[in-house]
Amino acid sequence: MTAAANAKQRAAKAKKIRQFVTPEGVDLELRIASAGLRFGALLVDLILINLVLLLFWLFTEWIGFASRSDITQVVWMLGAFLLRTFWFIGFELGSRAATPGKRLMGIRVVARDGGRLTADAVVARNLIRELELFLPLMMLGAGASEDMVSGWIMLAGVLWSLTLSLFLLFNRDRMRMGDLIAGTWVVMAQRAKLDADIAVDAAGGAMIFTDAELAVYGIFELQELERVLRGRDPRAMREVADAIRAKIGRPIAEEDDAFLLSYYRQLKARLERGLLFGKRREDKYASD
Amino acid sequence: MIPPAVPARAIDAPNFSTSRFRAEREADWIAFDLLLTKLEKKGAKALTSDELLQLPLLYRATLSSLSIARATSLDKALLGHLEALSIRGYFLVYGVRESRWNRLRRFFLYDWPAAVRSVWKETLIIALVILLGALTSYSLVSNNPEWYFNFVDEEMSGGRDPRATAEYLQTTLGHGKAAAEKGESGLHVFATYLFTHNSRVSILSYALGFAFGVPTLMLEYYQGIGLGAMMAVFSAKGLAFDFGGWLFIHGTTELFAAALSGAAGLHIGTAVVFPGARGRLQAASEAGRTAGKVMVGVIMMLFAAGLLEGFGRQLITDTMLRYATGTLMLLFWLAYYYIPRREDVT
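Chains A and B supply the protein sequences, listed in that same order. Note that my numbering numbers the first sequence so that position 15 is 15, with each residue one more than the last. Note that my numbering numbers the second sequence so that position 280 is 280, with each residue one more than the last.
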């Protein structure tokens with residue numbers, strides 16, 4: 001990867017990070033959820049809603065068959081309406097502010113101003129959803145069923161309504177129309193398990209590297225190395241170890257994992273020492 | 001809160017190192033994680049008072065750990081974990097401040113009427129627009145009945161058009177012999193259908209508001225047009241009074257709800273066009289929240305209207321009684337919304 005590509009990737013990533021300062025003065029650096037995740041979450045929710053409706057339908061059919069009354073039809077229509085309208089609202093009012101689909105994707109709804117997420121905001125953002133999902137379908141349906149609408153007009157209508165539905169693709173914060181109206185964001189809320197501290201493992205001190213050997217890499221490379229070490233894939237470890245050996249001119253003499261671990265420990269100690277003195281070396285292209 | 005520097009694990013590291021930092025504070029993070037999981041699964045009631053006191057302390061300890069780790073540590077797994085934990089903690093600690101029951105109570109007692117009161121100007125405008133639509137089509141259809149077919153769908157009208165006889169029209173109002181034969185079989189199905197359909201239309205007219213309120217106005221005008229056309233047909237056959245009763249029993253609630261949903265949409269639209277001193281986005285989001293509250297109310301009103309239309313209208317066939325019920329409902333809504341009350345300031 002070239003330096004330019006590297007910097008570009010980091011800048012792109014940084015654009016998705018939004019400042020979010022808690023009353024304690026710590027910036028939580030929330031990351032905006034991507035459009036793909038949002039769409040995935042919506043899909044999961046729609047599938048779940050339809051699954052519930054199907055089960056509900058089977059149930060009411062069974063009851064209706066047993067009791068021979070049309071009250072089941074009423075229950076069914078009401079139930080379908082309530083489920084469609086309040087599925088999203090109900091779940092997002094909970095403490096995790098996420099529907100099952102959003103939970104699965106590791107995202108949640110947050111008030112844009114940093115305050116708490118109010119019920120009005122949740123209601124406002126989800127009632128707009130009706131429009132966003134419904135309007136393109138309605139345009140299609142209306143165009144298909146009536147002869148007086150020509151194909152081109154129908155196309156224009158669908159395109160117009162799609163710009164509403166796909167509004168989130170056209171702004172940096174990935175806000176739907178509903179988010180815009182309600183003053184909310186959807187951000188990443190993944191859980192990260194606390195992995196073991198690999199810098200204190202016993203096998204780390206087997207080799208000693210010189211300062212010149214450690215000076216070739218920066219923070220980005222260190223964290224990539226960490227990823228490989230935590231991944232524990234022998235082939236990846238072999239490749240990375242060979243690359244490092246070639247770079248610093250060491251013969252292949254020890255096990256890959258022992259080599260990488262001790263290199264990691266010493267590189268980390270060196271770079272963290274730099275941090276304490278106010279020097280943050282982002283990657284190997286930055287000056288030491 | 002942070003326990004004295006007794007390392008959880010014996011570590012042969014220099015006096016300050018990120019490994020030592022982690023070993024010293026890890027216990028707090030794990031405790032905080034467990035507490036949050038318990039809070040998420042079982043709610044605040046499940047926590048003992050001891051745990052409740054611990055919660056903010058552990059939260060602050062975690063945030064301070066995050067700050068230190070960001071400045072000193074390069075361990076990505078550690079940073080990721082602390083960030084995720086802090087975000088989770090922040091939203092739980094600062095998120096919910098009242099119980100659902102309290103929230104519900106406040107919504108019905110204060111928030112809902114207050115939101116409706118705050119859009120009174122828009123409500124008036126929409127009411128006028130509906131009236132204007134009704135007058136337009138009424139005068140057009142009265143002069144030339146052919147206009148009727150431009151305004152009302154063949155399916156929707158169900159034979160209620162200018163060609164129908166007065167007797168037939170009377171039966172559609174629930175009077176006469178034929179009405180009794182029709183019975184009550186499809187009653188509740190019909191009511192439910194009306195409710196879901198009207199709710200959809202209302203939600204749409206609210207949601208379309210952000211386009212500067214124009215589609216909302218058009219939708220409401222169109223609602224008025226259908227109404228006026230029907231009115232013209234019935235009054236031409238001398239059934240205006242009966243038709244009024246037929247409409248009035250649920251119409252006061254339903255049209256009120258329609259006007260409110262349009263007002264909610266218009267509220268957003270005007271906020272987008274005239275944001276005032278605020279930013280356009282902020283104005284839209286503030287208007288959107290008020291309008292959202294109005295809309296929850298609208299859905300409930302439409303539910304009441306569906307009940308009145310499906311059951312009330314079919315069971316109450318006396319025209320005067322219908323007028324009385326409709327007036328009573330209107331008075332109830334007006335009193336509920338507009339009688340001033342002492343605000344609950346929270």
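It is worth saying that the hints were derived from the structure and are not from the lab. Hints may contain errors.
Here are a few chain B residues that face chain A, going by a calculated C-beta distance under 7 angstroms [as the list claims (entries may be wrong)]:
id	residue
1	E40
2	T72
3	G80
4	Y90
5	T196
6	A207
7	A284
8	S285
9	G288
On a predicted model such as this, the values are computed, not experimentally measured, just so you know. Where a beta carbon is used, it is the ideal one built from N, C-alpha and C, also for glycine.
Could you check if G80 of chain B really has its C-beta closer than 7 angstroms to a C-beta on chain A? This hint holds: G80 of chain B lies near chain A, its Cβ roughly 4 angstroms from the closest one there, short of 7 angstroms.
Is the shortest C-beta separation between A207 of chain B and chain A less than 7 angstroms? For A207 of chain B, the interface hint holds, since the closest Cβ of chain A sits about 4 angstroms away, which is under 7 angstroms.
Hinted contact S285 of chain B with chain A - closest CB pair below 7 angstroms: Hint holds; S285 of chain B Cβ to chain A Cβ min 3 angstroms, cut 7 angstroms.
Just to be careful: measuring from the Cβ of A284 of chain B to every Cβ in chain A, is the smallest value less than 7 angstroms? Holds: closest Cβ of chain A sits about 6 angstroms from A284 of chain B, inside 7 angstroms.
Just to be careful: measuring from the Cβ of Y90 of chain B to every Cβ in chain A, is the smallest value less than 7 angstroms? Result: holds, 6 angstroms to nearest chain A Cβ.
Mind checking the CB of T196 of chain B against every CB in chain A and telling me if the closest is under 7 angstroms? holds, 4 angstroms
May I ask you to test the interface hint for G288 of chain B with respect to chain A, counting a Cβ-Cβ separation under 7 angstroms as satisfied? Holds - the Cβ of G288 of chain B comes within 7 angstroms of chain A, reaching about 3 angstroms at its closest.
Holds or violated: is there a CB of chain A closer than 7 angstroms to the CB of T72 of chain B? The hint holds - T72 of chain B has a Cβ within 7 angstroms of chain A, the shortest such distance being about 6 angstroms.
Have a go at the E40 of chain B hint: is there a Cβ in chain A nearer than 7 angstroms to its own Cβ? At 6 angstroms from the nearest chain A Cβ, E40 of chain B passes the 7 angstroms test, so the hint holds.
In summary, the structure agrees with every hint in the numbered list given earlier.
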